[in-house]
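K.L.:
These are the residues of each chain, in order.
There are 4 protein chains.
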Amino acid sequence: MLESKLKTSRSYKNKDTIINVRDTKIGGSHFAFIAGPCAIENQDQYYTTAKSVISCGANIIRGSVFKPRTNPHSFQGLGRSGLKLIKDLSEDLDVVVETEVMDPRDVKITSKYVDILRVGTRNMQNYDLLKELSKINNPIILKRGMCATIDEWLQSAEYLMFNGNENIILCERGIRTFETELRNTLDLGVITILKSKTHLPIIIDPSHATGKRELVLPMSKASIVSGANGLMIEVHNCPNKALCDGKQSLTLDDFEHLSKKIKPLLDYENKTI
Amino acid sequence: MLESKLKTSRSYKNKDTIINVRDTKIGGSHFAFIAGPCAIENQDQYYTTAKSVISCGANIIRGSVFKPRTNPHSFQGLGRSGLKLIKDLSEDLDVVVETEVMDPRDVKITSKYVDILRVGTRNMQNYDLLKELSKINNPIILKRGMCATIDEWLQSAEYLMFNGNENIILCERGIRTFETELRNTLDLGVITILKSKTHLPIIIDPSHATGKRELVLPMSKASIVSGANGLMIEVHNCPNKALCDGKQSLTLDDFEHLSKKIKPLLDYENKTI
Amino acid sequence: MLESKLKTSRSYKNKDTIINVRDTKIGGSHFAFIAGPCAIENQDQYYTTAKSVISCGANIIRGSVFKPRTNPHSFQGLGRSGLKLIKDLSEDLDVVVETEVMDPRDVKITSKYVDILRVGTRNMQNYDLLKELSKINNPIILKRGMCATIDEWLQSAEYLMFNGNENIILCERGIRTFETELRNTLDLGVITILKSKTHLPIIIDPSHATGKRELVLPMSKASIVSGANGLMIEVHNCPNKALCDGKQSLTLDDFEHLSKKIKPLLDYENKTI
Amino acid sequence: MLESKLKTSRSYKNKDTIINVRDTKIGGSHFAFIAGPCAIENQDQYYTTAKSVISCGANIIRGSVFKPRTNPHSFQGLGRSGLKLIKDLSEDLDVVVETEVMDPRDVKITSKYVDILRVGTRNMQNYDLLKELSKINNPIILKRGMCATIDEWLQSAEYLMFNGNENIILCERGIRTFETELRNTLDLGVITILKSKTHLPIIIDPSHATGKRELVLPMSKASIVSGANGLMIEVHNCPNKALCDGKQSLTLDDFEHLSKKIKPLLDYENKTI
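Residue numbers (this note's numbering), protein chains in the order written: chain P, 1 to 273; chain L, 1 to 273; chain A, 1 to 273; chain Z, 1 to 273.
Honestly, the hints are just simulated from the structure, not real lab data.
This list has only true hints and no planted wrong ones.
DSS-like, lysine-lysine: derived pairs with alpha carbons at most 27 Å apart:
(1) K25/Z x K108/Z
(2) K7/A x K25/A
(3) K7/Z x K212/P
(4) K108/L x K7/L
(5) K25/P x K271/P
(6) K15/Z x K212/P
(7) K261/P x K195/Z
(8) K15/L x K261/A
(9) K131/A x K84/Z
(10) K212/L x K271/A
(11) K271/A x K7/A
(12) K5/Z x K247/A
All chains should be built: construct the whole structure from the sequences, respecting the hints.
P.N.:
Structural data, given as structure tokens:
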């Protein structure tokens, strides 16, 4: 089809999309500073982590209850019962929340409990899930498939926008290459390319992109000056006891340090959280 | 977990799995010669193609009604209404049939209409789909993700076997590499590696692996002498008018030629269709 | 430049190039069955291996004296002093020999001692070496760079043909991908693609492509039925004591077995050694 | 061999290497701001570009006379006759200069005319070139091979350090991946990984990494905050007329803009040019 007809394209809509979710804005100069645990394990872990990252400036809390695990015997998340926990935290702490959804049957209920829904890298081309998500109005974070081209990624966004939802956030999380020292190779050049093609905001997940805690700060800094509209960072109140992805999760102190280090760079780029 | 506990592993079950579906066997020396259109477009196209490939020796008919298309505006398949067509053909021509399933909500109904269910490359890590499929008893073809490691692929098979279904068929369909001359790079070394790790049968899809008609014959031949337990080949009665993947579909004559060319190689490998 | 001007192209020369080196032919229906040790370690190892593989039908003996080793502290080969050994064996056993050359300064002397010169994967774009090689008349085996596209590979062949030498043999040896179970991913589809673009013969090195002995036989068989004009196989009289690449070297018995197994496939493809 | 014995390793030398070439320092807090044309085409182009970038703060002038071109019919550089031009500019403008060397036979003479020698991506594993370079004392920039792992890269640096030369600068220039929108994928995570493994300085070439002018500024900024010890940027006084790589070359004005934009980031990282 003609590119001018694609809802993701700059020719369809030239101005940067700015998403407004309960007065938190994402896009343009509004920076999404998303943080929280990989998986929500229990109330204490979730609340402790959330309170701490909020005090450091995070404006959206991440946390998964549906977990896509490579190994069927690994911890699979709290499931639907965790949705209420997310809703409670959102109200108790008056903060925007997000979570991953994997199953088309979970879309509707999740959309009622959680502000922003996330599509993980393994599901970027799970078209029945995308179609179900196109029917709701919540903002959606669409992670890049681990070997998806930019064009394939935008076409998946096109699925999400099919029925008029324009609140789509693209999230780069590293691509799979021959290099095995890091979990993935973070592709920061993609930001400039995407900015020329689409009006949608682009955020970066340096935690999954690298798989190593010590890479999260440098890659966060690099993301900001590459033009990212936000960061999504895994933080855990006790990473050594995390049920998943402990090695890439920041401690509460690490995150506080990061939040201070990135401030001058946000100023430099005229971005505000 | 211990590898010896993995149901896919040779240490769990040493002998080659042989799947029996309505007296058609797959695995060991029993060769699955799967052919048919990429997408089922209508009764005439499906029946014409099926009859022709059966007359050339094909023992399983492929054909999708749920189509995973990169572009949301492309033909998406006949959907559930196509399932009855598959069932009818299966009975009319007395042949084993297979089709792709993408949505967990379609698993149960599809399992009633179609002998063998297929998981496509984009859904290899769609865990909710895999979990739903683990509840049925139909044989399942699990395609390799386009950038999945062998270990990730076997772990997805592990999901399918979680509840006791042992009728899993692995299908290599090319991996994504820097080389762009072909759609994907067919990884035939994977057969020997898999044979050492798992008792499950392994088949090859040379059509999607290459994306080019002229590659299907040489890669089919290469697959057989590499030890494959079967082939899955796209055939269309009129490829130039195909609603998808026309460039990689064989004509009926091409397929007849292929079926003759591979016979000496099947004999050489002591495989029988 | 215009493709029709490229000396490697079918439009420049439509008919398959057949190389004649001391009455051994390579190309068209003439199959190059190249075998021998990775590195020539000493006279006994070289002669013992060569005699054995010749008795099994090998018509060209491989063996390196200049070794490109990743680690500077690894065995670097016998160097120039090994060239006489190659020449002697060539005369004593009346067989065509080949060896790798890495340094432009070694080209002229090597061309006097050895029939066929080989450019390794790391040097496919070592243009000063290619230019020096373009000045001699010996046949040259040009291995594909480990992440070279087909177009880049052919352009390197173009360098070799710059001054009129048309005796170039392309050698696929696996490409680097994300998959780490094997050393490289053997790209057999490349043969059909190359046959449509170039008149030059194409051979396969299954030893370096896989890095594992047990893969050499299946990948050799697959290469033949994919249309290869030859094989280059590493054989060692005592692989466990090999100074390099022992894990991928066949024993003398392995090679005898392979030579018997491939005969029916050569007949099937109307290829003769 | 034991890692502790590797001359590139932190266990061999813990302190950051700081290279001093004619009072210009590279490493630690000393930032190498390298700029100039891809190929030196003539005196006017070279001098005009060099004067302009020096006035913007560049402290090392790049420029190749030996050009590694994929196509044998492309402009191959001025060759040895260009070396005097480099030497003259170095003296006339009192600035440090660098150039690529490809042929072992050119090493000695180039080392007399030019301060810093560069090994290009295609020659990272051209071991005879590396061995020849290990015999001189000039600082050497070692570019990463386009599909080289970190370990292979460091082992090539080990070749250069074999005879005691410790003035080695690693240069990341993008790796080859499935993504084709950009020429390569810039791997910035490599900086943190390398800093933990080696004491050698690491610089980034955003021009070759992306192949597109508009990416050079964002990737330069990202490189600095990722911890790079320098940048190497292609600049041309008239990119549209450049004999090679015009699309990725900055204009003189672009470079002036870049030099201003990066200053606050160098301050932020406590780096000085």
